[in-house]
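If you want the building blocks of each chain, they are given just below.
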Amino acid sequence: QQQVKQSPQSLIVQKGGISIINCAYENTAFDYFPWYQQFPGKGPALLIAIRPDVSEKKEGRFTISFNKSAKQFSLHIMDSQPGDSATYFCAACNQGGKLIFGQGTELSVKP
Amino acid sequence: GAGVSQSPSNKVTEKGKDVELRCDPISGHTALYWYRQSLGQGLEFLIYFQGNSAPDKSGLPSDRFSAERTGGSVSTLTIQRTQQEDSAVYLCASSLQANQPQHFGDGTRLSIL
Chain A
1 QQQVKQSPQS LIVQKGGISI INCAYENTAF DYFPWYQQFP GKGPALLIAI
51 RPDVSEKKEG RFTISFNKSA KQFSLHIMDS QPGDSATYFC AACNQGGKLI
101 FGQGTELSVK P
Chain B
1001 GAGVSQSPSN KVTEKGKDVE LRCDPISGHT ALYWYRQSLG QGLEFLIYFQ
1051 GNSAPDKSGL PSDRFSAERT GGSVSTLTIQ RTQQEDSAVY LCASSLQANQ
1101 PQHFGDGTRL SIL
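Going down the list, the protein sequences come from chains A and B. Note that this note's numbering numbers the first sequence so that position 76 is 76, with each residue one more than the last. Take any residue in the second sequence, count from 1 to its spot, add 1000: that is its number in this note's numbering.
Note that these hints are calculated values from the structure, not bench results. Glycine included, every Cβ here is placed at the ideal spot set by N, Cα and C. Treat each hint with caution, since some may be false.
What the hints assert, rightly or not - Restraint ranges, calculated between C-beta atoms of paired labels, are given here:
#  : chain 1 : residue 1 : chain 2 : residue 2 : range
1  : B       : G1051     : A       : G41       : 25 to 35 Å
2  : A       : F39       : B       : G1040     : 14 to 24 Å
3  : A       : I12       : B       : G1059     : 31 to 41 Å
4  : A       : S65       : B       : L1113     : 41 to 51 Å
5  : B       : Q1080     : A       : G17       : 46 to 56 Å
6  : A       : R51       : B       : Q1084     : 35 to 45 Å
7  : B       : Q1097     : A       : P82       : 35 to 45 Å
8  : B       : L1113     : A       : T28       : 26 to 36 Å
9  : A       : M78       : B       : D1063     : 45 to 55 Å
10 : A       : T87       : B       : G1003     : 11 to 21 Å
11 : B       : P1061     : A       : K110      : 36 to 46 Å
12 : B       : T1070     : A       : S55       : 37 to 47 Å
13 : B       : Q1084     : A       : F39       : 18 to 28 Å
14 : A       : A45       : B       : G1059     : 16 to 26 Å
Start from the sequences and build out the full structure, keeping to the hints where you can.
Shown next, in the form of structure tokens:
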């Protein structure tokens, strides 16, 4: 009930391409869905987040798509750059505040 | 100006010793969280403090783990009688209030020999 499933585990994209990472959740009490970006040796950095009252949120090259009925959400990175190479985590949160994380996706953008 | 600050950044200790990890949250943030990141288990919630409320300890893996938050600011995570499976990166995060964006420190990498 608390699980968040993330796929793929790893992703290789050419520079300029679109990176897509998917997550699915089970607990309908979740009401906040952030994405974090993590570089080696650093803590996760908040990238973008969405609440279930909207189906899409865009910030620069990053877009979250949210499908409440399917209990799925995804991160799209447009015009992917080598500097985007990092590990990405989706997460879900309810009123309690604690984040439940997906397993992570290691993205590599090839020049 | 800082973001969340954690110390030490690295800690190596012998099995059976006690360790203390420190977290300085962003000033004014009332909520503070501890997570653990390890290869096998990913990112796991440990404990959460919100203002003066009783902490949510539901993620602590054993009674060897404890945490306190003094004066609503600095927090210390203590692991007693460390075991090799405690080796991980311990991350602290803070947010303005519960269910608000959480901002992470860079963690303490703990290695148990």
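Hint by hint, here is what the structure shows:
For B:G1051 and A:G41, the hinted distance range of 25 to 35 Å is satisfied, since their beta carbons lie about 32 Å from each other. Separation of A:F39 from B:G1040 is about 21 Å and conforms to the stated range, judged on CB atoms against 14 to 24 Å. A:I12 and B:G1059 have their C-beta atoms about 33 Å apart, which keeps the hinted 31 to 41 Å range intact. For A:S65 and B:L1113, the Cβ-Cβ distance of about 46 Å falls inside the hinted range of 41 to 51 Å, so the restraint holds.
Range check, B:Q1080 to A:G17: Cβ separation about 49 Å, and the 46 to 56 Å hint holds. Separation of A:R51 from B:Q1084 is about 41 Å and conforms to the stated range, judged on CB atoms against 35 to 45 Å. Against the hinted window of 35 to 45 Å, the Cβ-Cβ separation of B:Q1097 and A:P82 comes to about 37 Å, which satisfies the hint. Distance hint check: the CB atoms of B:L1113 and A:T28 are about 45 Å apart, inconsistent with the given range 26 to 36 Å.
With their beta carbons about 48 Å apart, A:M78 and B:D1063 fall inside the hinted range of 45 to 55 Å. In this structure the hint that A:T87 and B:G1003 lie 11 to 21 Å apart at CB holds, the actual value being about 19 Å. About 39 Å separates the C-beta atoms of B:P1061 and A:K110, a value consistent with the hinted range of 36 to 46 Å. Look at B:T1070 against A:S55: about 43 Å separates their beta carbons, and that is inside 37 to 47 Å.
Checked against the hint of 18 to 28 Å, the C-beta distance between B:Q1084 and A:F39 comes to roughly 27 Å, which is consistent with it. Against the hinted window of 16 to 26 Å, the Cβ-Cβ separation of A:A45 and B:G1059 comes to about 22 Å, which satisfies the hint.
Checked against the numbered hints given earlier, the structure breaks only hint 8 and satisfies all the rest.
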